[in-house]
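Peer 1: Below, each chain spelled out in residue letters.
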Amino acid sequence: MTDSLPTRSLPLPAEAPAPDTRVFDAPKRDRVLWLIGRRLVRAILVAWGVSLLAFAIVRIVPGDPVATLLGEEATPDRVEVLRERLHLDGSVASQYGSWMSDVLRGDLGQSLQTTRPVLETIGDRLPITLWLIGLGMVFALILAIPLGLIGGLTRSNWYKQSFGLGSAALIATPPFVTGVLLLLVFGVRLRWLPVAGYVDTFPQNLEYLLLPAVAVGVPVGMIFAIVLQESIRETNAEEFVETGLVWGLAKPQFVWRYLLRPSVAPVIGLMGYIVGANLAAAVVVETVFNLEGIGTYLVRAVLARDYPVVQGTLFTFGFIVVVVHFLSDSISALIDPRARTLS
Amino acid sequence: MLSVDDLSIGLVGRRGETVPVVERARLRIGEGETLGLVGESGSGKSMLCRSLVGTLYRHSAVVTGGSIRFEGTELVGASDAVWRTVRGHRIAYVPQSSLAGINPVLTVGRQLTALVRAASRDAGGDRSPRARVRELLELVEIPRIDSVMNERPHQLSGGMRQRVIIAGALARDPSLLIADEPTTALDVRVQARILDLLRRLREQLGMSLLLVSHDLAVVEEVCDAIVVLYAGAVMESGPQALVREQPRHPYTAGLVAAARMELAGGYEPIPGEAPSVGAWPAACRFSPRCGLTLRLGEGAPHSRCCEGGQPQPAEVDGRLTACLFASSLAGEGAPTVGAQTVAGETP
Amino acid sequence: MTALGEVGARSAAAAGGLRGRLVAGWRSMPTGMRFGIGIMVLMIVLSVAVPALSPYDTRRGSPDANLPPSAEYWFGTDHLGRDVFARTFEAARIDIVLAAAAVSVPLLVGTIVGSIIGITRSRLAQSAGDLAIEVINSFPTLIIVIALVAAFGRGTRGILLGLFITAWARYAKVARARALVIRDMDYLEAGRCLGYSRARILGRHVAPNVFPLTLAYAVSDFVVVILAVAGLSFLGAGVQPPTPEWGAMLNDARLHIFRAWWPVLFPGVMLSITALGVSLIAQGIGRRASENLVG
Chain A
1 MTDSLPTRSL
11 PLPAEAPAPD
21 TRVFDAPKRD
31 RVLWLIGRRL
41 VRAILVAWGV
51 SLLAFAIVRI
61 VPGDPVATLL
71 GEEATPDRVE
81 VLRERLHLDG
91 SVASQYGSWM
101 SDVLRGDLGQ
111 SLQTTRPVLE
121 TIGDRLPITL
131 WLIGLGMVFA
141 LILAIPLGLI
151 GGLTRSNWYK
161 QSFGLGSAAL
171 IATPPFVTGV
181 LLLLVFGVRL
191 RWLPVAGYVD
201 TFPQNLEYLL
211 LPAVAVGVPV
221 GMIFAIVLQE
231 SIRETNAEEF
241 VETGLVWGLA
251 KPQFVWRYLL
261 RPSVAPVIGL
271 MGYIVGANLA
281 AAVVVETVFN
291 LEGIGTYLVR
301 AVLARDYPVV
311 QGTLFTFGFI
321 VVVVHFLSDS
331 ISALIDPRAR
341 TLS
Chain B
344 MLSVDDLSIG
354 LVGRRGETVP
364 VVERARLRIG
374 EGETLGLVGE
384 SGSGKSMLCR
394 SLVGTLYRHS
404 AVVTGGSIRF
414 EGTELVGASD
424 AVWRTVRGHR
434 IAYVPQSSLA
444 GINPVLTVGR
454 QLTALVRAAS
464 RDAGGDRSPR
474 ARVRELLELV
484 EIPRIDSVMN
494 ERPHQLSGGM
504 RQRVIIAGAL
514 ARDPSLLIAD
524 EPTTALDVRV
534 QARILDLLRR
544 LREQLGMSLL
554 LVSHDLAVVE
564 EVCDAIVVLY
574 AGAVMESGPQ
584 ALVREQPRHP
594 YTAGLVAAAR
604 MELAGGYEPI
614 PGEAPSVGAW
624 PAACRFSPRC
634 GLTLRLGEGA
644 PHSRCCEGGQ
654 PQPAEVDGRL
664 TACLFASSLA
674 GEGAPTVGAQ
684 TVAGETP
Chain C
691 MTALGEVGAR
701 SAAAAGGLRG
711 RLVAGWRSMP
721 TGMRFGIGIM
731 VLMIVLSVAV
741 PALSPYDTRR
751 GSPDANLPPS
761 AEYWFGTDHL
771 GRDVFARTFE
781 AARIDIVLAA
791 AAVSVPLLVG
801 TIVGSIIGIT
811 RSRLAQSAGD
821 LAIEVINSFP
831 TLIIVIALVA
841 AFGRGTRGIL
851 LGLFITAWAR
861 YAKVARARAL
871 VIRDMDYLEA
881 GRCLGYSRAR
891 ILGRHVAPNV
901 FPLTLAYAVS
911 DFVVVILAVA
921 GLSFLGAGVQ
931 PPTPEWGAML
941 NDARLHIFRA
951 WWPVLFPGVM
961 LSITALGVSL
971 IAQGIGRRAS
981 ENLVG
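Protein chains in written order, with the working numbering: chain A, 1 to 343; chain B, 344 to 690; chain C, 691 to 985.
Source of the hints: derived by calculation from the structure; they are not laboratory data. Beta carbons are placed, not taken as given, at the ideal position from N, Cα and C, and that holds for glycine. Careful, some of the hints might be misleading.
[To be verified] Partner residues aside, some chain A positions facing chain B, computed with beta carbon under 8 Å:
#1 R257
#2 P262
#3 G269
#4 Y273
[Said to hold, decoys possible] The calculated EDC-like cross-link candidates involving lysine to aspartate or glutamate, where the alpha carbons are at most 20 Å apart (straight line), are:
#5 C/K863 - C/E824
#6 A/K251 - B/E374
#7 A/K160 - C/E981
#8 A/K160 - A/E230
#9 A/K251 - A/E238
#10 C/K863 - C/D874
#11 C/K863 - C/D820
#12 A/K251 - B/E484
#13 A/K160 - A/E234
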């Protein structure tokens, strides 16, 4: 077969590759814009891929989704109506075309259960989820900044070891376990905070969001702290920190301008991933605390096989992640002169 | 105003043990004086400087003995609170010039304004910070001040960056400025200008200056007195002209001869290499490379150089020297390096 | 030829003295990794031993509902009167086995797909592969898998299918990066010029070089997957009651949280301890890999 030894001799060592003349040789300022432009194209491509995936959800259902939903004895008219509503009529290409044109016009379809437009419901529920994620992020930063500073500056091995173990344990505890345990301690035992429910006005809603936000924020805060302390350790080894120190800057000035500012780029670069993790955490934490956000909307729709809702929420989640990814990449390229000169 | 006595510095190892990098160093700087500290890289001169601004801990080093007295305050073992009033306030430090020496994420203007604002608050002054920053930048002879203030460090040339760092160091009118190899990474023309600047600043502001360099030529242009450091120990110290013209230590003599050769376009370094930290000879540190001891000991280091470790400096002809045979260098007009004798060295 | 034989020779040399190597390996491990291995061994032993030795039925209820921990019921009983201790450790077995299954298949698929994307010379195939990887990876595991459960139906089968379809992309990303490096190495070039088929180059030369990396990644991915399995079951999409599973148990118990805290606490703590054990092992492996890279 192909295993027989050919008569050709082994090749000469590979020649040095010819210099790539296509290299974009722009000045540095334009280079950043160019990098951001490239990421934008990539983000649009990924968003398109996300739409394909959301579209595919109904089509990978084993057997006939309409039959699964309506049962065997459904009348032909009902089958026909549902088929149309799920964009299951015609060729796959035309199905995608009609679905996508609906989506681009802002029509994510209607819930099969309530017949309410999906986009409308998402619009109603999104604020709760965004509040939860935002507060979770604030909480994560409150945890991460002091821990990152301590971990980045300490030389105590004992501290490093115990922080390593502690952060690993907190990251290994999923938000729904943290959530239920917080509920148990602060809601059920101590009765400090409400165990469920929500009020829609600003300062009052914090009471209902505090425990959920802690559950969302703890693991994320630990990840931030690890990245930040690594980054601060690197920054602190730089010579300019010594310059700032011997200039005799005031302590807060020194910490902010010479340690934190130069170290935040990796944390911002991580934001895309973090927001994704936050969304996943929000889905379970909303369930724990019975918050009516898009997480519970998705879960309920999944269990009821409400396909338009699943597609719509999936698309929304994907869109949020893609946008945040793009922003965090662009911002970290803009604020980190080192990344700019290196890449 | 600054007197350092018997100062020893050690690098802290993994298990808490220390490896000496500076041993029993002694130096003096008077009001308005300029002292040159000369030594090869690895001789411990940067560590010595950092001990004067209390940043040794950043390089996992500690003072293991001796004393640093500055304007009546003992700095060895001083608390953080004391250091905060000294570092940048009374003693300023200009690190080795490099891109890494200046905060890359902020514009020059922002860095200096923050510093000056803190300084004027401490001093209770009422000048606008912006005016003070301009004044500082004028002082260090930066052209196009307005555009430089809006630039980030990587947009500046090496010489400009060094000037900015010096400007920051001057923000609080320090009485002692330490410049650690301020010109090393710069090209020759810029080097000369920075040295001129330092000299002028010292006269204009009446500061004392500690200028550190591996290059004897740099030091002799600016300094009143010099201290020669080799492998963590002071070899010779005294008035600059005296030490340079009549060295009483074979190492100084070697440096002077090498500098002279370089001036004449030649290149004749001291043979051999400086021992690395932790591998210092138990004898006189310089003995393995010393032409004098080989000549006196007829091919091997003289036995007196090998007894009792590193000799302590003693006064000979108006300066301190750590050479036991200093007087035998006295008769020789031109310093010899001893390359000829070493060339015939047996393995 | 010698270059091509190298991989085989190395694995042959490594086979001898397994016991000695294990002992030496254990001694050279960081403390955290030993701790992690200890947790996992204990957890696996208990997950087999406890249900086998327990006198209680883990699925059928009894009149002893909501009893606090006692000498009789070490972790108490749940709202249906089932022994939480026996259920918690039976759940350990189910979760660990499910996570192992959900890691191993994507590991193999992802390694192969990633290797192909890495060494292919077709720009179109490479871009398409990259895009697919990026699209799938842009979703958090839990969200994309639960969406797929809508298609496949809830239950063990549904979440396994969902995990199979999505998790390969993470391994493919790791494999692709490594394969890209290997592609330009001399011996692959040699193999290509010797006229070896693509399948042979892939199977004999690229995959064995990529696999150790994806395998190391699999250990850290195990943490993600076990938390996802429990999370999905918690949401009602995964393992269905009465089968004991940590997430499902927690979901059951949280409805009775005012009456009994023990059915909430123990499964939750066991889940985090297990995830911690695996992530300590993963940290150890990661640290060793980065040390090898430096040294």
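Peer 1: Among all the numbered hints in the text so far, which are the ones the structure does not match?
Peer 2: Violated: hints 3, 4, 6, 12.
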